[in-house]
Amino acid sequence: MSAVAHSQPSRSAALLVLPAYVVLTLCFFIPLIWIGVQSLTDARATEFTLSLSNYARFFSDSHYVAGLLWRTVWLSCAATLLSLIIGYAGAYFVTRLGERTQSTMLFLVMCPLWVNLVVRTLSLMVILGRDGVVNGFLVATGIVPKPIQLLYNDWAVLFGMVQMSTPFVFLTLYGVLKQIPNELTSAALTVGATPLRAFARVFLPLSIPGLIAAGVLALGINMESFVVPILLGGGRVTFMSVAAYEMATVSNNLPFAAAIGMILLATTFLAIFLYQWAMKKVFLSSHY
Amino acid sequence: MATPGKPISIKNLVKRFASTEVLQGVNLEVKTGEFISILGPSGCGKSTILRIVAGLDFATSGEVLIGTKAVTHLPAWEREIGLVFQNFALWPHMTALENVAFGLELRKLSKDECRRRALEALRLVQLEHLASRYPSQLSGGQQQRVAIARATVINPSVLLLDEPLSALDKSLRKDMQLEIKSIQQKLGITTIFVTHDQEEAMSLSDRIVVMRAGKIVQIDTPERLYSNPVDRYVAQFVGETNLFSGHSVTTPEGTFLFADGHPHRVSSPRERVNGGDESHYFVRPEWIRIERDLSVDSGVLGTIERKVFLGAAVDYYVRVGERLIHVNTVDGSINVGGQVRLQFVLQEIEG
Chain A
13 MSAVAHSQPS
23 RSAALLVLPA
33 YVVLTLCFFI
43 PLIWIGVQSL
53 TDARATEFTL
63 SLSNYARFFS
73 DSHYVAGLLW
83 RTVWLSCAAT
93 LLSLIIGYAG
103 AYFVTRLGER
113 TQSTMLFLVM
123 CPLWVNLVVR
133 TLSLMVILGR
143 DGVVNGFLVA
153 TGIVPKPIQL
163 LYNDWAVLFG
173 MVQMSTPFVF
183 LTLYGVLKQI
193 PNELTSAALT
203 VGATPLRAFA
213 RVFLPLSIPG
223 LIAAGVLALG
233 INMESFVVPI
243 LLGGGRVTFM
253 SVAAYEMATV
263 SNNLPFAAAI
273 GMILLATTFL
283 AIFLYQWAMK
293 KVFLSSHY
Chain B
231 MATPGKPISI
241 KNLVKRFAST
251 EVLQGVNLEV
261 KTGEFISILG
271 PSGCGKSTIL
281 RIVAGLDFAT
291 SGEVLIGTKA
301 VTHLPAWERE
311 IGLVFQNFAL
321 WPHMTALENV
331 AFGLELRKLS
341 KDECRRRALE
351 ALRLVQLEHL
361 ASRYPSQLSG
371 GQQQRVAIAR
381 ATVINPSVLL
391 LDEPLSALDK
401 SLRKDMQLEI
411 KSIQQKLGIT
421 TIFVTHDQEE
431 AMSLSDRIVV
441 MRAGKIVQID
451 TPERLYSNPV
461 DRYVAQFVGE
471 TNLFSGHSVT
481 TPEGTFLFAD
491 GHPHRVSSPR
501 ERVNGGDESH
511 YFVRPEWIRI
521 ERDLSVDSGV
531 LGTIERKVFL
541 GAAVDYYVRV
551 GERLIHVNTV
561 DGSINVGGQV
571 RLQFVLQEIE
581 G
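Read top to bottom, the protein sequences are chains A and B. Sequential numbering of the first sequence, starting at 13, is according to my numbering. Sequential numbering of the second sequence, starting at 231, is according to my numbering.
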């Protein structure tokens, strides 16, 4: 009788998870494996053989490694850092507000996410363009004599990536920061800590798990970004995802594009792993 | 390691919060080393007073002095206070030892000195052996003791406790009450203890401050509060009571109040002109004597309507006319439905 009782729940549980497995397999794992195999073929080969020629080509060319891969990594890291700072400050500030105001602020932060990313990024092109708001302000106040090039460079892409990933960072951190009881900070004040010390020794350490989660999310989003670099980079800022796209469509070299994709995937995993390891090492160890 | 506490002086404290006066001119003097409780229902303002003395909140007007120093405008971290929270408020990312040592670290003591003093504080609450445990690995009672160690290790002039035992089981509460009292006496710190539990207040305090709706109603020793409440609110809040109202009549044989068709003797009434407003009287359940011999002349006749067995004593609810009189006695042999005579003297509530 107990055998029946045990198998019944696990069977229905398996059935319920099945659709998720099917979708994941069809739409994620199978395409991933297919891309992986593609990356191991050579576009010029007439018959089907597996080779590492694409990878060799990538890593032997400094243009690819130093220019493409490195730029993708450092811009993503910089954008992640900036959105963590902005997102944390914003989330901290919002948790200090009244309940009603908090809901309003949350709504305001989420609003941009309902606007299509392409449209959102195009709006940045308008703002940063020669006749845009920023240049208009700079020229009107006399800071610069004539409009400067704000668009189609690394800074524009950085700006766009921060704009894209900050809402996610904010929402993740807001959830975490809201859970930290005010009493814990008050208790620190009563034993003699100034608000700054209380923040550094009590509040901040307790928000580390949130910073880890938000950082991983932002790193992933930023390293894989496509719309922002292709629109705001204007062809001058080469990004891994954009390069893969151009390889596949313009140059018609699908295997090499696939290799770029796989290298990007591996780099993202490595970056996320290093970030988590570093955060835990630095912040989550005991003092005594 | 006895730390000399300091006296506390609270003068005319008013706290207004969004058009409500949470505190309406509170005055309180606490002597050095005294253990006082602020007693009252939720919302009466007792926690607000504590937070203002701690420096976590600021009064709309009024003064707070610790010793001779006016701390009214000083923030919490510049006052020499220790606060024990209702929900312990231990830092979950630090061990018990680190929790206690944190306040010492802020005072720039050496790491060894911090560790030594923190261990000593934990020893005082018998938790030295659990120093390297995290709060999540400790029981409620143990967490509260760490909180007490954390608040006392920094040698505060004033110890504040905000309903520290409300979150604990009843059986644990009594033990913790004794521990808190013994620590306080050992260290001699001036202590303010906030609670809504009148038994707790009575068993621990040198004096009790009874509050209602932002005002202090009476400040007295537990004994005087119990036998001489200043109004009906205090009479009912502190312990069980039977209340009577009316106009008493003074005759050569004594002063009497007529109620339920029977004259009740009133003890030592104050001088008053006959007539005027109604007076109020009370008698505690355990002051009433039950006479089972119905032929005796003195005492009012009544029928036992309800009996509650309490273990150490018995509560009887006796029907006398319109009224149900609450009697408390150790004799549990009388049954429901039995008739008895109740002998008691009313005390006037003088306020």
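The reader is advised that the hints may include incorrect statements.
[Claimed, not checked] If the Cβ cut is set under 7 Å, some of the chain B residues that face chain A in the computed set are:
hint, residue
1, 284
2, 286
3, 290
4, 306
5, 307
6, 313
7, 315
8, 319
9, 321
10, 333
11, 336
12, 384
These are calculated hints, taken from the structure and not from any lab test. In this text, a Cβ means the ideal position worked out from N, Cα and C, and glycines have one as well.
Numbers of the earlier hints that this structure fails to satisfy, in rising order: Of the numbered hints given earlier, the structure breaks just one, which is hint 3.
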